[in-house]
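Chemist: Residue numbers (this note's numbering), protein chains in the order written: chain A, 1 to 191; chain B, 1001 to 1570; chain C, 2001 to 2245.
Source of the hints: derived by calculation from the structure; they are not laboratory data.
Nothing here was measured: the structure is a model prediction, and the numbers come from that model.
Where a beta carbon is used, it is the ideal one built from N, C-alpha and C, also for glycine.
Wrong hints could be hidden among the right ones.
Just a few of them, taken from the derived set where beta-carbon distance is under 10 Å, the chain A residues facing chain B [what the hints assert, rightly or not]:
#1 Ala7
#2 Met12
#3 Thr13
#4 Pro16
#5 Ile30
#6 Phe33
#7 Ser39
#8 Asn47
#9 Ile123
#10 Thr124
#11 Ala135
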Amino acid sequence: MAMRPIATTRAMTGIPTGRLAVWWVIASEIVIFGGLLGSYIMHRLVNPQWANYAIHTNTWAGAFNTLVLLTSSLSAVLAHHAATHGDGKKAARYLWFTMAGGGIFIVVKAFEWTHEIQLGYTITANAFWAFYYTAAGLHALHVIAGVVIMGIISVDCLKNQELHRVELIGNYWHFVDLVWIFLFPLLYIAK
Amino acid sequence: MAESVPAESAHAHDHHDHHEQSFASKYLFSTDHKIIAMQYMFTGLAMGLIGAFFAYAFRMQLAFPGMDVPFWGQVSAAEYNALVTNHGTIMIFWVAMPVLIAAFGNYLIPLMVGCDDMVFPRLNRLSYQIFLLSAIVLIASFFVEGGAFGGAWTAYPPLSAKAEYSLTPLGSSIWVVAVALEFVAFLLGGINFVTTAMNSRAEGMGMYDIPVVIWMIVIASILFMASVGPLVAGAVMLLFDQTIGTNFFDPDRGGDPVLWQHLFWFFGHPEVYVVLLPAMGITADIMAVFARKKLFAYKTILYTTFATGVLSFMVWAHHQFVAGIDPRMAHVFTITTLLISIPIAELCFVYIATLYKGSITLTTPMLWALAFLFEFLIGGVTGIFLGASGADIYFHDTYFVLAHFHYTFFPIAIIGTYAGITYWFPKMFGRMMNDTLGKIHFWGTIIPFNCIFIPLFFLGMGGQHRRIYNYENFPELAGQGMQDLRVFATVALLVMLAFQVVFVINFIVSLRSGKKAENNPWRANTLEWQTPSPPPHGNFGSEMPKVYRGPYEYSTPGREEDFWPQNAPS
Amino acid sequence: MIEQYLPALSTYAGDIDGVITLIAVLTGFWYVLCNIVFFGFIFRYRAKSGASEYITGEEKELKRWVTIPHLLVLVCDLFIIYGAVRVWVDVKQTLPEQPYATVRVVGQQWAWSFVHPGADGKLDTADDIKTVDDLHIVKDKPYIYELVARDVLHNFSVPVFRLKQDAIPGRVIKGWFTATDTGVYDIQCAEICGIGHGVMGARIHITTEEQHAAWIAENTPANLATAPAAPPERKPLAATALAAR
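The following block holds chain A by itself, in its conformation from the complex (with noise of 0.2 Å):
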């Protein structure tokens, strides 16, 4: 890390460089889903009838991965906890903990999709289902982008490296949980 450059080192906001790197991050991954999200809710509202498709999809699978979501949200806060007492290995077991999290939902995730496309509800059945998996499918690249990063980011924290790193990740779990938390009553919950 000699290479790295002197500006990276500055902090005149008072709030760490990388802290605010990933705000942005957030911030520009908020207005696209916000976008695509808000453009879902102005097609519900003009079409009562897209209640009729939304019956088709599993609430309790949906609502199963919220749990699960929001658990490993949980581990990737204690991850935080501990990277800041600086227990590397403490912080890297919850954050495989969390990654698990991730791998049980997209797992979930696949079963409910290969359940939906055998009943014929395919991405080009209708609007309806073009949202259903765009919305669903970028937030799951998201879920997978993250574990990933996490698992990238525990191999650093054996080594006590880079700690705190462990914040940024978390900072942008929970901003993947924050989506799922808008997407799972406005696809599967409003009927």
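Based on the hints, put chains B and C in the right spot on chain A.
Modeler: Relative to the frame of chain A, chains B and C by itself:
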């Protein structure tokens, strides 16, 4: 902050101890912000050449329908659409954005806030690489079966969504992918611009000591970030509609084509300010230096810029007055659109006031800066016609619109760029540009520019609508008088393009044998001029600058010199 | 202002031209004023005329030279908003209560087709007259148009009426016009709609009531050996355009 100070000198040493680098690692894969800035600038200028060539090809077709255009050949209807579409796309996304925001932002932010690089140098390099990839992808669309996308840069579905309508099955998808990649590049770049300006300023540089150009680039990056998201989502939706047959925009199966227009213009209007602000910032800095004057009401400039930024999110539907939206919405958007003329008028007044009791030297960069103001004013006042719903019923989609936004985008993308290049050339390359050639190029660009677009205002008033490859099909537009105007505009374009050769010659000759530039040839205050030209790797040598005052302390009473560098201890 | 270039032939064309003139006068005033000051400063304060003065722009007596014009611009904006909104309400938000007739305007790649009511004055009856690229209307009579699109977006634009309206697939958009003089004028498609956008023009025939009655009599399907054909297939154009690549 306290903990980072002792670290700086230690870092500075091992940092500048670099070894001789190979060409590839120095120029192609460098993480140095100055090199990345140059990569962005030259890529942007090269794309500008392509965009200009497209303009040449379709203007020739308009002036002399059916002719064999030299270097292109016959322009078919499909090709005409592809040319105008990609001319617009390229000029905005691949010229204005990379040159004004990415090139000047990358070059100037670390230098002007007094640090050695961007906070995330590798991310910066990645941003450029994605941008380059996006440019290659876009160009590739011209060589696929069916040809490049021709559904206008606004890409309204269903035309853009279905190959059976657009007849460019591959071209439209490649276009969407290229644009989406470009957005990703600039979202990544924006992280650097904003965090560097927020966090890595030199010791002592408060919020109000930041040069206006940096403020403007940062605000532009934030505007971009806040507005582009919905269109990124829209791009994914459009791509799915094109490739896997979803129906987001298909009215027959629950979709809505007008949704795209909202997503597009919610981004598209702030985008105007995204490219406008850096150009206004460049102009502000140049005007202060060459009028030897403090900027008139620095804080007012900042506040009006913020106001413009906020308002720019509330005006998008003025592009859609007659697009089938609820007609009552037009009132809201007429009001917000005319309100945005308030901060912009304020900016123009303040800029003009900066000249008051100054000591003006008309160097080439100053000429460009003043021309920016002059031409942009025309763009601004003609915009009022289009923002007023009642008048827009007639002007919508005519050449009046086209002339209007070229009077905004040309000053931004071309005049702003030339102003910036001629002003910072000595810093970038360590040599002075030739002023005589610079002035020849200036007049050879400005006069033909007005000759191109003033006739187009009249064509627009005469009812000439846009994106038509041959007006002979419309009896009212086929008259000799109108054709003469078209020929005149095309000839003016040829003259303007010819004069760009002067710039290229000036650039190359100055680069090789121009007069050596001193550190501070313009006697300016900002930090980039207080270091060698060109700045070394790490920008400021072993000691990072400290800042004692604002950037515009020119002609301060009681001082012998008429400038007062930001880092000069009192 | 616009009438120098193109006749104004609808009842609201003059109003729209009026808004344009209003804006031209108001913005023109500010434009000229700005330029006088701008070039005046450049000329007056050239470098040789002496050193520059230290002004921050926060001085009250100077700042008001910016603030007061600024408020005046706001006042001008209010006039423009009033003018624009008034015209807009008339053109886009009202429909004539007793229209003379309703015509259906259909945009498709790349032609306009029109459905005129026949002698019974009603649409969707057996004596409707369908035409391609020719719209026939009567002078001085309020018409309602129903605008639909079959494939992509189009824009029904009649420059002499100062009228523009997008046609959107899946929707029926209504509007109105009253022509004020006879003649034959252009109809454009003012929204890019594909390769043939450049040939998607039509003509509007404004006639007197007697001429129109004669036209109806001549074209009523029952009187003709063959009914007018369905909108023509213009796909060959696309094919040739593609082949040219």
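Chemist: All the hints need checking, so say for each whether the structure fits it.
Modeler: Consistency of the hints with the structure:
Annotation: A:Ala7 was flagged as interfacial toward chain B, and the flag holds, the nearest CB pair being 4 Å apart, inside 10 Å. This hint holds: A:Met12 has a C-beta 5 Å from the nearest C-beta of chain B, less than the 10 Å allowed. A least Cβ separation of about 5 Å between A:Thr13 and chain B falls short of the 10 Å threshold, and the interface hint therefore holds. With its C-beta approaching chain B no nearer than about 8 Å, A:Pro16 sits inside the 10 Å limit, and its interface hint holds.
Taking 10 Å as the C-beta cut-off, the interface hint given for A:Ile30 holds, the closest approach to chain B being about 7 Å. For A:Phe33, the interface hint holds, since its Cβ comes within 10 Å of a Cβ in chain B; the closest pair sits about 7 Å apart. Checking A:Ser39 against chain B by beta carbon gives a least distance of about 6 Å; that is within 10 Å, so the hint holds. With its C-beta approaching chain B no nearer than about 6 Å, A:Asn47 sits inside the 10 Å limit, and its interface hint holds.
At about 6 Å, the closest approach between the beta carbon of A:Ile123 and any beta carbon in chain B falls short of 10 Å, and the interface hint on this residue holds. Checking A:Thr124 against chain B: minimum C-beta separation of about 5 Å stays under 10 Å; hint holds. This hint holds: A:Ala135 has a C-beta 9 Å from the nearest C-beta of chain B, less than the 10 Å allowed.
Violated hints are absent here; each numbered hint is respected by the structure.
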